[in-house]
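Next come the chains, spelled out residue by residue.
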Amino acid sequence: MSEMFTLADAALKVIQDRRSIREYTDEPVSEQDLDRILEAARQAPSGENAQPWRYVIVKDAETRKKLGAIAGGGSGRRFTAEFVTKKMQERFTGLQDETKKRAAFEKLTSGQVSTFLAGAPVNILVCGKKDVWDLPYDTSAAIENILLMVTALGLGACWVIAPCIDIRDEERIKTLLGLPEEFKAVSIIAIGHPTRPHRPRPRLPIHELVFRETWGEAYYKEPA
Amino acid sequence: MSDKTLPLSYSNNLIFELEKAFYDERGKGARFRVTTVGQRYFRERCLPKLASSEISDILGTVGSLLKADGIAAEVSWVNEERLLRVRVEGCVHRPVEEAMLAHGVEPFTCIPANLMVLAIEEKLDRPVELAEIKLEEGGCALLLVVFDQRPTLG
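Protein sequences, first through last, are from chains A and B.
Per the numbering used here, residue 25 is the first one in the first sequence, and the count goes up by one each step.
Per the numbering used here, residue 2 is the first one in the second sequence, and the count goes up by one each step.
The shape of chain B in the complex, shown without the other chains (with noise of 0.2 Å):
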């Protein structure tokens, strides 16, 4: 097997014709099933390095985590109450949500967010809904809820 790097642009064709074709089967249920997309990479990058139980820590170190990685230049947040307004400038995957847009389709899932949602809930085990995905001018508006707990299961 070639060891030879694969252009960015292949592998994010790949994958928006992979989420355009879920919407097309799924209509606008197909967010609710993609929202664990990025679970490996979680597992094994982000959670050995989850150390605090903070929600600004934890969303510094996934930040930090896709910076190092390359996956996005810069990573900022602004807590409102439950809601968290999370910007992503310079992510690798901003020409998936694009050409979502393009085709007519509101672009449904985003892996910094999963990271984010994967990462709270993990370490405070409290439910986050990613409630929107804006593109903005050199970065993605992000909208996240953190709910306060989980409903009991008695």
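With the rest of the complex left out, here is chain A (with noise of 0.2 Å):
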């Protein structure tokens, strides 16, 4: 039985559900769900309307496949940089669990942790028209819209910016691709059907976010 919510309960509880899925089943998305996903894109604001995304649909395994090699790469390569100069231990001094940590330094060292795109049966390049003023602005707009739309539909999806942010892979990408020079490659979304629900990530409190007329005083107050 569906349940009943108002359209702002509704609408908080897609932003609230939403995740980063990385693990797909091998069930296709439907080409009725594509439609609406990036309908959900195209409405999306601008700056000055300029609507300066276009988006590439990668559905080809062969494809997949090499840009998942490519965000792995550019993943693997950041993060033992990270690791060698010792600050990504110092970023899970947290962790306690000496198995578990290992077990996140592997992944994230080797890059395993952006090779997911390869796994999913829809890659969404989002490209952005460099002759804009707001490209990163208007795209991660219109990214966050895809995220939302695919999350209502009850299908995964995940932001991987990794292919894209260092200059070199994002050429590589453009160069797969088919890029004209004028268009930059910002991010490719990787969407299919969630293999098992996942549990939220932790979020700082509200009262740490938000401040009173200027920055420093809190909004809200700390609960007791």
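Each hint should be verified, as a subset may be incorrect.
As the list claims (entries may be wrong) - Partial chain A-side listing against chain B, Cβ under 7 Å, derived:
{"no.": "1", "residue": "E63"}
{"no.": "2", "residue": "V80"}
{"no.": "3", "residue": "T104"}
{"no.": "4", "residue": "A105"}
{"no.": "5", "residue": "T109"}
{"no.": "6", "residue": "M112"}
{"no.": "7", "residue": "R192"}
Stated by the list, open to error - Residues of chain B placed beyond 12 Å of chain A at every Cβ, according to the derived structure:
{"no.": "8", "residue": "G30"}
{"no.": "9", "residue": "R32"}
{"no.": "10", "residue": "F33"}
{"no.": "11", "residue": "R34"}
{"no.": "12", "residue": "T37"}
{"no.": "13", "residue": "L48"}
{"no.": "14", "residue": "L51"}
{"no.": "15", "residue": "S54"}
{"no.": "16", "residue": "P128"}
{"no.": "17", "residue": "V129"}
{"no.": "18", "residue": "A132"}
{"no.": "19", "residue": "Q150"}
These are computed hints drawn from the structure, not numbers from a lab.
Every residue gets a Cβ at the ideal spot worked out from N, C-alpha and C, and that includes glycine.
Dock chain to chain to rebuild the complex, using the hints, since each chain is given by itself in its own frame.
Encoded structure:
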């Protein structure tokens, strides 16, 4: 039986239910679902209504494998650099379980953390037109719309910046998918049917995030 | 157009201001967008001189060129398995890194390092990541990671 929500409650529930999903079943994403996801993206706000976004839908398994390899390579390089400078170890000081910590280090430094693009039935490459003022903000708004619609449809997605963050990897993506020079590869969104439910990741408490009138005084009281 | 030589401080100040502005916009992620800065110099000056595919020869060639062109006074390195520890002394761009540090920003790009990365990637097709730039007395200590192979694209 479907639950009843007000529009505001439904919107908040979709926002709160969104997870970064990295494991997918083999079930394909239907064209109807993809239509709604892309319509959500199309409705995003943009500065001067420039709508600088373009999307490349990648379903071909071989191409997804290549995208996964580029993403994994980029992540592996960056996380290894973090590891050899001991910054990763500092970041994980809160994790007491040594086995879990080693597994996390291995997953990050090997790049496995980002290779899952290959296993997602659909990869959406989000591209941004460079000749606009607000490219990163516009495309990020479109990406959030994609993620929320994916959640509302009961699918899972992950926003993957790994293959685009380093200019060397972005060039490989652009070459692989034939992007023209005037467009930037912004991110890849991996989409599919989740293999299992995921718990929410922790969020900072609201009283640490919001200030009253000027920076400093908390807008919300810290709970006793 | 005047052919008068520009003061080095003028160029370095501009580089610093550009780097700082970019950092202010992109934060820690800025470092990943400048990994190929120096590639024109690399293509025109370094690449034609890179004959060998041995890492020590590649680094030696880049180091010699940096010295010959007056960019650095001395370049030395030590290999520790996949880690490459490079020391660059007398670099003309050192004031840029000092200015970044003075403004509370960890230096995030280094032209000599980029040239070495570009050279190894070009000649050996092995990925390289600049992990750290440390300003030391008399020179900069660079830490690079040289990976065995590029992840297969199938």
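The hints, checked one at a time:
| no. | hint | result |
| --- | --- | --- |
| 1 | E63 | 30 Å, violated |
| 2 | V80 | 17 Å, violated |
| 3 | T104 | 5 Å, holds |
| 4 | A105 | 4 Å, holds |
| 5 | T109 | 5 Å, holds |
| 6 | M112 | 11 Å, violated |
| 7 | R192 | 6 Å, holds |
| 8 | G30 | 6 Å, violated |
| 9 | R32 | 9 Å, violated |
| 10 | F33 | 4 Å, violated |
| 11 | R34 | 5 Å, violated |
| 12 | T37 | 6 Å, violated |
| 13 | L48 | 16 Å, holds |
| 14 | L51 | 18 Å, holds |
| 15 | S54 | 20 Å, holds |
| 16 | P128 | 6 Å, violated |
| 17 | V129 | 8 Å, violated |
| 18 | A132 | 4 Å, violated |
| 19 | Q150 | 10 Å, violated |
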